[in-house]
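Chains as they are written, first to last, in this note's numbering: chain A, 1 to 349; chain B, 350 to 683; chain C, 684 to 1192.
Heads up, some of the hints might be wrong.
[Said to hold, decoys possible] Listing some non-contacts, in silico: residues in chain A with all C-beta distances to chain C over 12 Å:
#1 ASN24
#2 SER80
#3 GLN88
#4 ALA91
#5 LEU106
#6 TYR130
#7 ALA151
#8 ASP162
#9 HIS173
#10 GLU179
#11 PRO270
#12 ASP288
#13 GLY305
[To be verified] In silico lysine to any residue, SDA-like type, Cα no more than 25 Å apart, as pairs:
#14 LYS1023/C - SER97/A
#15 LYS677/B - GLY798/C
#16 LYS609/B - LEU1058/C
#17 LYS501/B - LYS460/B
#18 LYS677/B - ILE731/C
#19 LYS537/B - PRO691/C
#20 LYS677/B - GLN1090/C
#21 LYS584/B - PRO508/B
#22 LYS302/A - ILE244/A
#23 LYS609/B - GLN394/B
#24 LYS572/B - LYS670/B
#25 LYS1023/C - ILE244/A
#26 LYS546/B - ALA580/B
#27 LYS537/B - ILE652/B
#28 LYS107/A - ALA1101/C
#29 LYS107/A - SER97/A
#30 LYS546/B - ALA1157/C
#31 LYS572/B - PRO691/C
#32 LYS107/A - PRO691/C
#33 LYS584/B - LYS670/B
#34 LYS670/B - PRO691/C
#35 LYS677/B - SER667/B
Keep in mind that the hints were calculated from the coordinates and are not lab data.
Here a beta-carbon is modelled for each residue, glycine too, at the ideal position from N, C-alpha and C.
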Amino acid sequence: MTLSLSIRDVSHHYGDRLVLDSVNLDVPQQSITAIIGPSGVGKTTLLRLIGGFETPDRGRIEVEGEVVAENSRLVIPPQSRGVTIVPQDGALFSHLSVGGNVAFGLKNRRSAAARARVKEVLEIVGLDRYEKHRPSQLSGGMQQRVALARALAPHPRVVLLDEPFAALDAGLHEQVREETVRALRATNATAVWVTHDQEEALSTADQVAVMIAGRIQQLASPADLYQFPVSRQVAEFVGDVFVIAGTSVGSGDHVRCALGDMVPISRACPNGPANIVVRPEQLSIVQDGAAGSVSVQVVGSKFFGHDGIVEGTFSTGERVVIRLQADQLPQIGSRVGVVARGSLLAYSD
Amino acid sequence: MIGVAAATVLAGCAASDGESSNTSSGPLVVYSGRSEALVAELFSQFSTETGTELEVRYADSGELAALLITEGNASPADVYFSQDAGALGAVEDAGLFSALPSDITQLVDSKFRSTQDRWVATSGRARVAVYNPNLVTTVPNTIDDILDPMWKGKVGFAPTNASWQSFVTALRVVRGEDEAEQWLTAFKANEPVAYEKNSAVRDAVNIGEVSMGLINHYYLYEKIAAEGADAVTAKNHYFTGGDIGGLINVAGVGVLESSKNKDAANQLVKFLLSAQGQEYFAQKTFEYPMAAGVAAYGDLPSIEELNPPAIDLSDLKSIAKTQELLAKTGLLTK
Amino acid sequence: MSSRVRAPIALVAPAFVAAVLSLVPVWYLFQTAFTSGFAAVVDELMQIRTLQLVLRSLLLMVTVTSASVVIGIFAAWVVARSPLRPRLLLIIAFSLSLAIPSYLAAFAWVSWIPGISGFFGAFIVLTFVCYPFVMLPVIASMDISDPMAEKVALSLGRRPFGVFRTVTLGQSRPAITGGALLVALYVLSDFGAVAAMRYEVFTWVIYGAYRAGFNPSRAAILSSVLLMAALVLTLIEVRVRSTRDTFRMGAGVRRATNIQFGVTARIATIAGAVLLVSFGAGVPIWRVIYWTGFDSNTDVQWDVVFRSIATSFGIGIVTSVVTALVALPIALLSARYRGKTSQILEGSTYVAHALPGIVIAISIVYLGIRTLRPLYQEMPLLILAQVLIFLPLAVASMRTAIAMSTQSLEHVARSLGAGSMMTLLRVTIPLALPGIMAAGALSMLSSVKELPATLLLRPTGTETLATQIWKFSAVSDYAAVGPFALAMILLAVVPVAVLTATTRQGIAR
Chain A
1 MTLSLSIRDV
11 SHHYGDRLVL
21 DSVNLDVPQQ
31 SITAIIGPSG
41 VGKTTLLRLI
51 GGFETPDRGR
61 IEVEGEVVAE
71 NSRLVIPPQS
81 RGVTIVPQDG
91 ALFSHLSVGG
101 NVAFGLKNRR
111 SAAARARVKE
121 VLEIVGLDRY
131 EKHRPSQLSG
141 GMQQRVALAR
151 ALAPHPRVVL
161 LDEPFAALDA
171 GLHEQVREET
181 VRALRATNAT
191 AVWVTHDQEE
201 ALSTADQVAV
211 MIAGRIQQLA
221 SPADLYQFPV
231 SRQVAEFVGD
241 VFVIAGTSVG
251 SGDHVRCALG
261 DMVPISRACP
271 NGPANIVVRP
281 EQLSIVQDGA
291 AGSVSVQVVG
301 SKFFGHDGIV
311 EGTFSTGERV
321 VIRLQADQLP
331 QIGSRVGVVA
341 RGSLLAYSD
Chain B
350 MIGVAAATVL
360 AGCAASDGES
370 SNTSSGPLVV
380 YSGRSEALVA
390 ELFSQFSTET
400 GTELEVRYAD
410 SGELAALLIT
420 EGNASPADVY
430 FSQDAGALGA
440 VEDAGLFSAL
450 PSDITQLVDS
460 KFRSTQDRWV
470 ATSGRARVAV
480 YNPNLVTTVP
490 NTIDDILDPM
500 WKGKVGFAPT
510 NASWQSFVTA
520 LRVVRGEDEA
530 EQWLTAFKAN
540 EPVAYEKNSA
550 VRDAVNIGEV
560 SMGLINHYYL
570 YEKIAAEGAD
580 AVTAKNHYFT
590 GGDIGGLINV
600 AGVGVLESSK
610 NKDAANQLVK
620 FLLSAQGQEY
630 FAQKTFEYPM
640 AAGVAAYGDL
650 PSIEELNPPA
660 IDLSDLKSIA
670 KTQELLAKTG
680 LLTK
Chain C
684 MSSRVRAPIA
694 LVAPAFVAAV
704 LSLVPVWYLF
714 QTAFTSGFAA
724 VVDELMQIRT
734 LQLVLRSLLL
744 MVTVTSASVV
754 IGIFAAWVVA
764 RSPLRPRLLL
774 IIAFSLSLAI
784 PSYLAAFAWV
794 SWIPGISGFF
804 GAFIVLTFVC
814 YPFVMLPVIA
824 SMDISDPMAE
834 KVALSLGRRP
844 FGVFRTVTLG
854 QSRPAITGGA
864 LLVALYVLSD
874 FGAVAAMRYE
884 VFTWVIYGAY
894 RAGFNPSRAA
904 ILSSVLLMAA
914 LVLTLIEVRV
924 RSTRDTFRMG
934 AGVRRATNIQ
944 FGVTARIATI
954 AGAVLLVSFG
964 AGVPIWRVIY
974 WTGFDSNTDV
984 QWDVVFRSIA
994 TSFGIGIVTS
1004 VVTALVALPI
1014 ALLSARYRGK
1024 TSQILEGSTY
1034 VAHALPGIVI
1044 AISIVYLGIR
1054 TLRPLYQEMP
1064 LLILAQVLIF
1074 LPLAVASMRT
1084 AIAMSTQSLE
1094 HVARSLGAGS
1104 MMTLLRVTIP
1114 LALPGIMAAG
1124 ALSMLSSVKE
1134 LPATLLLRPT
1144 GTETLATQIW
1154 KFSAVSDYAA
1164 VGPFALAMIL
1174 LAVVPVAVLT
1184 ATTRQGIAR
């Protein structure tokens, strides 16, 4: 498999602060890679390094096998990397028309081929009727799609998207996201996509890199990432979870905790005290006292429409959260039985 | 007739040009501190009569002196025509003037040319007390009379005017710094009225706003020429007997040592001192002619009658010190 | 955060040349000052009177700068945020006073109210001449900054004035400090207004050294004091700016919104604007017309007037284009590659601005007569002198505009294959075009009224509007001054209209 982008042991400082710590990342051709993590962990810095706007203090960056930066040496400047960007605010050139923006990165901008390419990508993002418009005449979502078309037009080796929908309101968000993915797929682009929205990452990316405190903690497919997070931090970041205390028993494949004495876990955990990470959708409610269930006192519930959340306490006093269909929400103050389905996650740290 | 005479003189000069290195084919370059409105016509008469083209750069006399000093020997200027003797003295001190031939210097009284014959005056301005005869019965004989309490609040002057400052400079040169300061302090205590410029002083005297003003002699004649004698009540009083109040300051001219065109330059100087040139000043600006034999305008008393104070006009270049003293005594600034 | 990428040599080289040229007056001053010996320099500078005059200059500088900042911000607010319209008329009316030479404005006031002369008169005239230096960049900054921030602040319970003070002014702070520096330097170097108002400040002794002392080296020694003051002011401004404008505002795709206005506020605003225009431009224009009409037996030589307009216009156009070209690399460096080098290069162009025009002119004479003899008293040297005088105006105006467009636009351009020079040409410069045009317009305005350098360096016989006004006012022929002064003010409407048209580009309609 050919790699579009390869990042090897890249470290970077701002003054004394280590922002990136030995980052490694491989991005296969025609894939979408999402980088997620809390804000301020160095995601945007990594994009700046890939784009060439800064040079890594240590490590190497390759684009399609070609070294573009290595050990604080800028080997290939931004304009020659074939790496385009879609910034957070779109950053359209207000002095150019929509068509002018899209044509910006094309060679021989006045040629018939260039003009055809502008039409083509504008069609892909559904804005072919707006070629002559000024950016200021477009809505925020449309501006963002123009920014994407502009980045795709010159057939880049890699497209970098930096929280491209952060500035849009929630309703637009999902629609523009879907259109973006469709456009990326339609043009066979290779994309690296930075976001702090894990749902966005899980639903669109081929692989997801979780970045915490300057390190890539895990790089995996969305399903693997969800099922087998490598650390408690990753698990807590990907999807909703709550944590209870327990002990790893047996050959390290079961735990004892408030949910039972012999609950299976999906990743081995050394024997001894462990933090048990539970996803609310892994639990279901049965009659209080039913066989294999544990008793939970219901202290609250939240209604979301398609589903709901029940909050309760175990007999240990630990907090529990259960995701249910909305019509199954129990009375506050009642006691219910709770059973765990499938395997839980346990970490010794 | 005068024109013919001048042309003859000039033709003579031209004939003597010969192949001297002091000629060059380009136009004669004049730096003029005298304003275009006053002298452009005279310059064009010179060009018409001699065929010598002039290139005149008009600016403030002092700034032109500074320009000449900065340019040094590389200056493109051939002739420097200054409004004031002080600026001529400064250029002379910088060693930039060439000696004028005696056929020029002999035209002008030695009081009105440089002691080294490197510049000559072309016209003179007498300081006077312009007064309103309806308000004044006894005029002051000396500048010290003006300090009398009878003049309190009744004397106008123009503190920023260069001629007033030349007068104060003469006061300093003749009486010394301390006595000059005493005079100015007493003058200030007598509450003189400051005006923007000399013509405003004259007009104030004419309408009786103040009784008397310290200005140059020709402002009265400008007004008479413009508005007719009937419109003018004010009269000039001349300080005589060598009193500093009767200082005659001059405009003058010198030829640059670096000039490649000295013959034509001298020719221009000679033209300014010719009957034609001198008549021009007398009639157009009402100034005193400097070359012997040309009469002053109208009923002006002659320079001999005025008997101005004996002072080396080159000494009037310390105007900067005068301004400091005026500022110190509160007469110049607010 | 500014990029750590090194500045392209194609920018550094021309900026370096411009800085070296700007330092010609400094080089001249030191050459000349020290020919009289170090002892003479110390002696000249250590006099009580020198100190007193420096203090008077500083007093005038501080008061005029403060008043210009207040008035400039008010005028900018009226244009950019108040409901008063039309905008074109407002900017032209507010900028006209910039077109009137300070000596002419001062004389207009004194001839109307003789008692105004002194500190107060100088303060009034200089404030009215200078406030557009603050107003123009602040308008640009308000146009481009996000009005949303102001609405947010209002929604958080701030009173409108509090919002204005904290949010609006906060966003315009770099523009304000930049404008204030220009005002301060202008006041230090001005002679026209303080001479006509008979308020003795430091430039008096400098001009006195030329006009009354005929002593260029004394003038040079004294001028070095202004140079020091300029250096200190420039350092302060650079310090203030680098701690303030570290964040960048949006790309300029914004919609301007106006704050709701009550009747009282509306009347107060209109009254303020009317007063400002009446005193700033109204009084001088009224006096000029009065002079012209007073003595109607003077025939106006229209052909001379039109020739002078053509000459002033020609010199102004060439000067403004050259100034803009020379200023651009410095402004780009200063806005995009901040560091010691760019600060020194930019600072070099500022120091000369505190020097009176005549000092710059004499220093160009000194350079021209020695090294550029064939160009001496030819147009190119006059243009050069004017460019040096107006360079800081242009740099300040452009730097603000460039710093306001976000850097992510340039990153996008780089990622799309444009090299650093191509990015400048295709993105940075087009986006900063309003600022660049404004820089040219300011230079043009200043060029039309420039006198001291023109008088000494013009080709012999060349008459501009400024030299004509000088020529006739020197012989107190104010009736003849009138047509030229009016022509000067009318000619100023051209660059002011350019300023107006270009500052509008920041707003979406």
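Is the nearest CB of chain C more than 12 Å from the CB of GLY305/A? 29 Å, holds
Cβ separation check - ALA151/A to all of chain C, threshold 12 Å: 7 Å, violated
Are all C-beta atoms of chain C more than 12 Å from that of GLN88/A? 8 Å, violated
Taking the closest pair, is the beta carbon of ASP288/A still more than 12 Å from chain C? Since the minimum Cβ distance to chain C is about 49 Å, ASP288/A lies beyond 12 Å and the statement holds.
Take a quick look at whether LYS584/B and PRO508/B sit within 25 Å of each other, Cα to Cα. 21 Å, holds
Straight-line Cα separation of LYS677/B and ILE731/C no greater than 25 Å? 12 Å, holds
Is the Cα-Cα distance between LYS572/B and PRO691/C 25 Å or less? 67 Å, violated
Agreement of LYS609/B and LEU1058/C with the hint, judged by alpha carbon distance not exceeding 25 Å: Between LYS609/B and LEU1058/C the Cα gap is close to 19 Å, so the pair holds against 25 Å.
Does LEU106/A clear chain C by more than 12 Å, comparing its Cβ with all Cβ atoms of that chain? At roughly 8 Å from the nearest Cβ of chain C, LEU106/A sits no farther out than 12 Å, so the non-interface label is violated.
Would you mind confirming whether the straight-line C-alpha gap from LYS584/B to LYS670/B stays at or under 25 Å? 32 Å, violated
Non-interface label on ASN24/A, tested against every C-beta of chain C at 12 Å: 23 Å, holds
Over 12 Å from every CB of chain C: does HIS173/A meet that, or does the non-interface label fail? Holds, because the least Cβ-Cβ distance between HIS173/A and chain C comes to about 19 Å, which exceeds 12 Å.
When the structure is compared with the earlier hints, violations turn up for hints 2, 3, 4, 5, 7, 8, 14, 17, 19, 20, 24, 25, 27, 31, 33, 34 and for no others.
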